[in-house]
Amino acid sequence: MNSLPSRIGGIALLILSLAACVITGFLVLDRLHSRPRTEDAYVAANIVHLAPEVSGRIVFLPVHDNEKVRRGQILYVIDPEPYTYRVQAARAQVEGLQAQIEVQTSQVSSQVSHAGAEASGVTSARARLTLAQATEGRLTPLARQGFVTREALDQARTETRSAEASLQQSLQSALAAKQAVRSVAPLRADLAAAQAQLREAERDLRLTTVRAPCDGIVTDLNIAAGEYATTGKPVFTLVDTEIWWAIANFRETQLAGLAAGQKVRVYAMSQPGTPITGTLESLNAGVVPDEGTSANGLPKVPRTLNWVRIAQRFPVRIRLDNPPTDLMRIGATVVVVVMR
Amino acid sequence: MTDPVASRTPPLMRGVLLLPAIGLSGCTRAPLQDVLGSFFPSWMLCVALGAVAAALLRAVVGALGMQQAIPAPMLTYLAFMVAITFVVWLLFFGH
Chain D
1 MNSLPSRIGG IALLILSLAA CVITGFLVLD RLHSRPRTED AYVAANIVHL APEVSGRIVF
61 LPVHDNEKVR RGQILYVIDP EPYTYRVQAA RAQVEGLQAQ IEVQTSQVSS QVSHAGAEAS
121 GVTSARARLT LAQATEGRLT PLARQGFVTR EALDQARTET RSAEASLQQS LQSALAAKQA
181 VRSVAPLRAD LAAAQAQLRE AERDLRLTTV RAPCDGIVTD LNIAAGEYAT TGKPVFTLVD
241 TEIWWAIANF RETQLAGLAA GQKVRVYAMS QPGTPITGTL ESLNAGVVPD EGTSANGLPK
301 VPRTLNWVRI AQRFPVRIRL DNPPTDLMRI GATVVVVVMR
Chain R
341 MTDPVASRTP PLMRGVLLLP AIGLSGCTRA PLQDVLGSFF PSWMLCVALG AVAAALLRAV
401 VGALGMQQAI PAPMLTYLAF MVAITFVVWL LFFGH
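Order-wise, the sequence lines are chains D and R. In case it helps, the working numbering puts the first sequence at residues 1 to 340. In case it helps, the working numbering puts the second sequence at residues 341 to 435.
One or more of the hints may lead you astray.
As the list claims (entries may be wrong) - Just some of the chain D residues that point at chain R, by a computed CB distance under 10 Å: (1) LEU14; (2) LEU32; (3) SER270; (4) GLY273; (5) THR277; (6) ASP326; (7) LEU327; (8) GLY331; (9) VAL335; (10) VAL336.
What the hints assert, rightly or not - Distance ranges between label pairs, derived from CB positions: (11) R:MET384 to D:VAL48: 36 to 42 Å; (12) R:LEU430 to D:ARG211: 50 to 56 Å; (13) R:MET384 to D:ALA224: 44 to 50 Å; (14) R:HIS435 to D:TYR228: 18 to 24 Å; (15) R:LEU430 to D:LYS263: 52 to 58 Å; (16) D:ILE47 to R:VAL400: 57 to 63 Å.
It should be emphasised that the hints constitute simulated quantities derived from the structure, not laboratory data. Glycine included, C-beta positions come from ideal geometry on N, C-alpha and C.
Given the sequences, and given the hints that come with them, work out the whole structure.
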């Protein structure tokens, strides 16, 4: 029963089994090291919380929950009536200011003509003064010799003083007329402000129609037309379906060999038979650490007896190439293998 | 000496119980196998196959009457099972 050949066979079986175990074990470890993989992964996409930029009652809601929409498609319309009136008011203000500027412009040109007339009055006053001074200059030596009466000389002097006063008056009037010329600059500034207001009102009116900012799927829509939408408060969520990602949490020991651009094979567990290819896009820069918090102004360091430390996992972002749209759902389980 | 039938029934039964799991997994090469909505790691499948192979080996050894000739049978069958596990993993899931 315990013959020599069978004993040799038994020992050979033991040795071969152990050898195969060790060799294949090394091969497995090598493969796991060269192609890091993780089951801790899920599908992700960016989302848009569709909040309106203007408030009002939703009068038209053509989309439904889980509906696919194209970029630019109308998602909902807020009652445009008050915003139409606002545009009309702003436009009326602009037009009023434009009319006012026209009136003011003609007034200004009349004021400018008036100032010109006053300025020419100065020339005439100056000419009269020159004449009076010349007359006085002529009469003064003659009066000394007695050829003209003293009365005539006094009259000539009075004429000169009076002409001087007239000149001063004309100069002041010309200055006053010049200063009285009004400007349209303030009205133009008002017009610019009113035009800006009009543009803003037109923008608000345009934004009462909310359009899809990207191709996507409507989700978390549980309101009907008639709901009051408030500025900045999301009405529903749009999942951006233009780009899909897989977020894979790799252990820190696996991160060293990972780099952007590496090819990745992603198995969606909803259809694991057809792997999706992807490209490693970026590595995460940090997660909330378990320790390092502070309480009451002091660092909190718990007493631990952790002899075995568990490797931290960090999310790695993988962009999926041509993802099958029917499998893509945020949060879907996937398995990621980096094919370096 | 133990009755060969009694000793090999439990591992075989285990193998039989695992067969539907293998069938349900559809033999995909993903590192996870879906069994009725629960995802099992593929290495578990490999371990199951390794266990079945070890049980078969024991049956063959028993049939040949070499049970007593094997030194440290526990270690031998365990090493064989682990080796088969690794080989199956390398063949089907070690991409």
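Hints and how they fare:
1. Hint on LEU14 of chain D holds. Least Cβ distance to chain R is approximately 5 Å, under the 10 Å limit.
2. Because the smallest distance between the Cβ of LEU32 of chain D and any Cβ of chain R comes to about 8 Å, under 10 Å, the interface hint for this residue holds.
3. Among the interface hints, the one on SER270 of chain D holds; its C-beta lies about 9 Å from the nearest C-beta in chain R, closer than the 10 Å criterion.
4. Interface hint status for GLY273 of chain D: upheld, as the beta-carbon distance to the closest one in chain R is roughly 5 Å, under 10 Å.
5. A least Cβ separation of about 13 Å between THR277 of chain D and chain R goes past the 10 Å threshold, and the interface hint is therefore violated.
6. Among the interface hints, the one on ASP326 of chain D is violated; its C-beta lies about 17 Å from the nearest C-beta in chain R, farther than the 10 Å criterion.
7. Among the interface hints, the one on LEU327 of chain D is violated; its C-beta lies about 13 Å from the nearest C-beta in chain R, farther than the 10 Å criterion.
8. At its closest, the beta carbon of GLY331 of chain D sits 14 Å from a beta carbon of chain R; the interface hint therefore is violated under the 10 Å criterion.
9. Because the closest C-beta pair between VAL335 of chain D and chain R is about 5 Å apart, less than 10 Å, the hint holds.
10. At a threshold of 10 Å, the smallest CB-CB gap from VAL336 of chain D to chain R is about 9 Å, leaving the interface hint in force.
11. Restraint check, MET384 of chain R to VAL48 of chain D: a C-beta distance of roughly 41 Å satisfies the suggested window 36 to 42 Å.
12. For LEU430 of chain R and ARG211 of chain D, the Cβ-Cβ distance of about 53 Å falls inside the hinted range of 50 to 56 Å, so the restraint holds.
13. Restraint check, MET384 of chain R to ALA224 of chain D: a C-beta distance of roughly 49 Å satisfies the suggested window 44 to 50 Å.
14. One distance hint, 18 to 24 Å for the beta-carbon pair HIS435 of chain R and TYR228 of chain D, is violated here, with the actual separation near 55 Å.
15. In this structure the supplied range 52 to 58 Å is violated for LEU430 of chain R paired with LYS263 of chain D, their Cβ-Cβ distance being about 21 Å.
16. At roughly 59 Å, the beta-carbon separation of ILE47 of chain D and VAL400 of chain R lies within the given 57 to 63 Å, and the hint holds.
Hints 5, 6, 7, 8, 14, 15 from the list above are not met by this structure, while the remaining hints are.
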